[in-house]
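Between the sequences and the hints, there should be enough to build the whole structure, so can you do that?
Protein chains in written order, with numbering that gives the first Met the number 0: chain B, 0 to 256; chain A, 0 to 361.
No lab work stands behind these hints, which were simulated from the structure alone.
Below, a sample of chain A positions facing chain B; criterion: calculated Cβ distance under 7 Å: (1) T48; (2) E53; (3) E70; (4) E86; (5) Y90; (6) K201; (7) I208.
Derived DSSO-like pairs (lysine-lysine); straight-line CA-CA distance at most 27 Å: (8) A:K125 to A:K229; (9) A:K276 to A:K348; (10) A:K188 to A:K2; (11) A:K206 to B:K196; (12) A:K201 to B:K196; (13) A:K193 to A:K228.
Only a predicted model underlies this, so the values are computations on that prediction, with no experimental measurement involved. Beta carbons are placed, not taken as given, at the ideal position from N, Cα and C, and that holds for glycine.
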Amino acid sequence: MPEAVFVRPDSLTDVQTHYCPGCTHGIIHRLVAEVIDELGIRDRTVGIAPVGCSVLAYNYFDCDFHEAAHGRAPAVATGIKRARPDLAVFAYQGDGDLASIGMAEIVHCANRGEKVTVVFVNNAIYGMTGGQMAPTTMPGQSATTCQMGRDVELAGYPIRVAELISTLRTPAFVARASSHSPLAAVNAKEMLRRAFKYQVEGRCFSMVEILSTCPTNWGLTPAESTKWLEKTMLPYYPLGVFKTPDGDDRAPLPRKP
Amino acid sequence: MAKKLMKGSEAIGEAAVQAGCHLFFGYPITPQNEIPEYLSSRLPQVGGTFVQAESEVASINMLYGAAGAGERVMTSSSSPGISLMAEGISYCAGAKLPVVIVNIMRAGPGLGGILPAQADYFQATKGLAHGDFRVLVLAPWSIQEAADLVQDAFDLADYYRNPVMVVGDGLIGQMMEPVEFYEDRKPIKELPPKTWASTGWKRDRPKAIINSLFLDPAELEQHNFDLKKKYDLMERDEVRFATYGSVDSADVVIIAYGTVARVCLSAIEALEEDGIKVAMVRPITLWPYPYEAVREVAAKAKDILVVELSTGQMIEDVRLALQRPRPIHFHCRLGGMLVSPEEVIAKVKAIKAGESEAMHYA
Ligand SMILES: Cc1ncc(C[n+]2csc(CCOP(=O)(O)OP(=O)(O)O)c2C)c(N)n1
Ligand code: SF4
Ligand SMILES: [Mg+2]
Chain B
0 MPEAVFVRPD SLTDVQTHYC PGCTHGIIHR LVAEVIDELG IRDRTVGIAP
50 VGCSVLAYNY FDCDFHEAAH GRAPAVATGI KRARPDLAVF AYQGDGDLAS
100 IGMAEIVHCA NRGEKVTVVF VNNAIYGMTG GQMAPTTMPG QSATTCQMGR
150 DVELAGYPIR VAELISTLRT PAFVARASSH SPLAAVNAKE MLRRAFKYQV
200 EGRCFSMVEI LSTCPTNWGL TPAESTKWLE KTMLPYYPLG VFKTPDGDDR
250 APLPRKP
Chain A
0 MAKKLMKGSE AIGEAAVQAG CHLFFGYPIT PQNEIPEYLS SRLPQVGGTF
50 VQAESEVASI NMLYGAAGAG ERVMTSSSSP GISLMAEGIS YCAGAKLPVV
100 IVNIMRAGPG LGGILPAQAD YFQATKGLAH GDFRVLVLAP WSIQEAADLV
150 QDAFDLADYY RNPVMVVGDG LIGQMMEPVE FYEDRKPIKE LPPKTWASTG
200 WKRDRPKAII NSLFLDPAEL EQHNFDLKKK YDLMERDEVR FATYGSVDSA
250 DVVIIAYGTV ARVCLSAIEA LEEDGIKVAM VRPITLWPYP YEAVREVAAK
300 AKDILVVELS TGQMIEDVRL ALQRPRPIHF HCRLGGMLVS PEEVIAKVKA
350 IKAGESEAMH YA
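Below, the structure written as structure tokens:
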């Protein structure tokens, strides 16, 4: 019998996703699912899908799920976790969802120290609605609502969410990872593992921001997209752990790239 | 339990606890702050959870989470806060979640004022938010009834898997009256276990998906029809009202709800002493509305008077109830001003004397 070296995690369903070719939402789903499998918590995990391209995440994860209103996943997570503290609760959110319409919910969920995990997928764009500018869109990056590129004089600079959340005094695990290469994905999975572990141990709120691609709305091929992420996003959105409940926090603003 | 003198807000909070509600999420707003204040200290005593949310938007979505996880949960607010919850209430209705929402109405529009009003009648009964849905709306007129209806609200929400709203005006929150809680209170409905809730999937039931999204229009249409069936059942089975006075042969029938109806009742008693026969129909459910009761009593009365703390929002339902054009007399106070018994007495006397100008609807 040949040994299976690459199988679908139990926590993912056996269906085809609707994600575009080269979109890294699918990879991030897989990493989350692997972590849930490895921690053995699938039967007590409840996920929350956002409004965004991952709105149908409840079809892809093989565990109980809520589909939340746009931006409100951290409030929904709070409700679930407070109702059933024995559950492992994770919210999966895009950057428009979390950093724009849902900014209040994420800040206060983190600040209350809710024992939940937020997977924050930052693709610098509103994917689902057709490529409008997000709070995370890069300076000069064109989008359908800033066709000449993001003008920081008018729209301000992209929000660095991991840094922002890590300034809160409440203990938390806050990290940023990426999905643009196999090595980055391995690191992202490690960050997710730590995030879920902190939750399961009842330690703290945890959030992993994961840089992600949107070839469709970036107007690039999948290969160009990963390169663009590396070249444009990585210097502005540095990877690493920004905060742990043990207090080994990193300076909130990155050094010059 | 013996009768206890309680403030309306506290009675509402205690009623929730007595109904097995262990979670409350809310944001401060006058005139209902005593409800969250009471529950913030009361809930921990019964192993429950109180969270002061960052906004009403967050509160209602916390309810969405907790109710989806199968727990009884409540929020309370006042008019502007309810407006902010609109989207979330629609999601709860779409995802078939039992949540209880208390609205201690204040005068509007906008920031309006903090004093009692019934200005959110349209909002509660016709247009709580986007989408094709309904919520049961219960309107108490006393503190005891508020306590009873809040407890019933949890049973009704669970039974129909639907949001239930309890609306009171500011007086309901602030008045003090004796209240009794019954130790052996049984649910008013037979309630099946919540096998649909997201409690962690142990493969002993279908996977729980708490969701209001249906991308396939045929599926969504079916979902809409299913919801409609539920609303039809509510209309058939949940209408509540009370009648008072000379319902079989009134000179004037008054239609009023909430604390306004109590004011009207004092007026009715005084008027009867003067030999003027007055009846009253008091809707207890604002939705579903007691159309038949209003029609029947109105059919036997010479004149109809609607009394409200709004510019006449309930008149639309009274017109629907009458089923034929009839003049309707109207008396209101607005902006937090209250109707007095003397005003109602004067109005009824004016109607009798032919000195009140009625509204004529063709
Ligand atoms: C209240 C509300 N406003 C707006 C929308 C429309 N909307 C749907 S998804 C979306 C943006 C999603 O972008 P993002 O969160 O970055 O997710 P992505 O699709 O990029 O993964 C918007 C604005 C909505 N569904 N609800
Ligand atoms: S639009 Fe962008 S984010 Fe959405 S599935 Fe396609 S590539 Fe992914
Ligand atoms: Mg996005």
